[in-house]
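Novice: Sequence:
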Amino acid sequence: MEPSGCRVLVIDRNRHVRSLLQRELLRDGHEVETAPGDGVVGGKAGVSYDIVILDAELLHGSMWNSLETLRSQSPHMVVILHSLDLPPDALNGVIPPGWHGRVTVVEKGNLVALREVILVYAECCCGGKRRRSDGKE
Numbered sequence: 001m002e003p004s005g006c007r008v009l010v011i012d013r014n015r016h017v018r019s020l021l022q023r024e025l026l027r028d029g030h031e032v033e034t035a036p037g038d039g040v041v042g043g044k045a046g047v048s049y050d051i052v053i054l055d056a057e058l059l060h061g062s063m064w065n066s067l068e069t070l071r072s073q074s075p076h077m078v079v080i081l082h083s084l085d086l087p088p089d090a091l092n093g094v095i096p097p098g099w100h101g102r103v104t105v106v107e108k109g110n111l112v113a114l115r116e117v118i119l120v121y122a123e124c125c126c127g128g129k130r131r132r133s134d135g136k137e
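Okay, so the sequence shown: first residue is 1 according to UniProt numbering, each after it adds one.
These are computed hints drawn from the structure, not numbers from a lab.
Hints are supplied without guarantee of correctness; some may be wrong.
[What the hints assert, rightly or not] In the EDC-like style, the derived pairs of lysine to aspartate or glutamate whose C-alpha atoms are separated by at most 20 Å in a straight line are: (1) LYS108 with ASP85; (2) LYS108 with GLU24; (3) LYS108 with GLU33; (4) LYS108 with GLU57.
[Stated by the list, open to error] Distance windows between CB atoms, simulated: (5) ILE95 with GLY37: 29 to 37 Å; (6) PRO96 with VAL47: 32 to 40 Å; (7) GLY98 with VAL120: 15 to 23 Å; (8) THR69 with VAL112: 25 to 33 Å; (9) ASP85 with SER48: 27 to 35 Å; (10) GLU107 with HIS60: 15 to 23 Å; (11) ARG13 with ASN110: 13 to 21 Å; (12) GLY98 with LEU26: 24 to 32 Å; (13) SER74 with ASN14: 32 to 40 Å.
Small disclaimer: the values here were computed from a predicted structure and weren't measured.
Using N, Cα and C, we set each Cβ at its ideal position, and we do this for glycine too.
Work out the full structure: start from the sequences and follow the hints.
Specialist: See below:
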């Protein structure tokens, strides 16, 4: 598969989840970095990311500050929250101003859904020729 040009940062407390997502997204042709939480995200400042995949359990005030720092380097950056039990409407009233339309919820462990969300974003924003997760152009 050809690289999509998407730079992805995976933030999750569970190293096994980080490893799985990194392996699968690298296989799909993305550039991937990982971090265990927002304490490490500050060290990523100065790096431009297209997509941040974030464990919804880490979503709190200081994480939004860390994400805002990253977004200052990449105004086009989107956040994909992955969670086992967070319905999409749970974000109503939680998302700070300026983030609406830039945050999506995907069920944790659903790699097909995660790949499809990344594919949609990659087609419009990351550049390069991409394929769907089923391998078709």
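Novice: Are the hints correct? Go through all of them and say.
Specialist: Comparing the hints with the structure gives:
| no. | hint | result |
| --- | --- | --- |
| 1 | LYS108 with ASP85 | holds (8 Å) |
| 2 | LYS108 with GLU24 | holds (14 Å) |
| 3 | LYS108 with GLU33 | holds (18 Å) |
| 4 | LYS108 with GLU57 | holds (11 Å) |
| 5 | ILE95 with GLY37: 29 to 37 Å | violated (20 Å) |
| 6 | PRO96 with VAL47: 32 to 40 Å | violated (21 Å) |
| 7 | GLY98 with VAL120: 15 to 23 Å | holds (21 Å) |
| 8 | THR69 with VAL112: 25 to 33 Å | holds (31 Å) |
| 9 | ASP85 with SER48: 27 to 35 Å | holds (32 Å) |
| 10 | GLU107 with HIS60: 15 to 23 Å | holds (21 Å) |
| 11 | ARG13 with ASN110: 13 to 21 Å | holds (19 Å) |
| 12 | GLY98 with LEU26: 24 to 32 Å | holds (30 Å) |
| 13 | SER74 with ASN14: 32 to 40 Å | violated (25 Å) |
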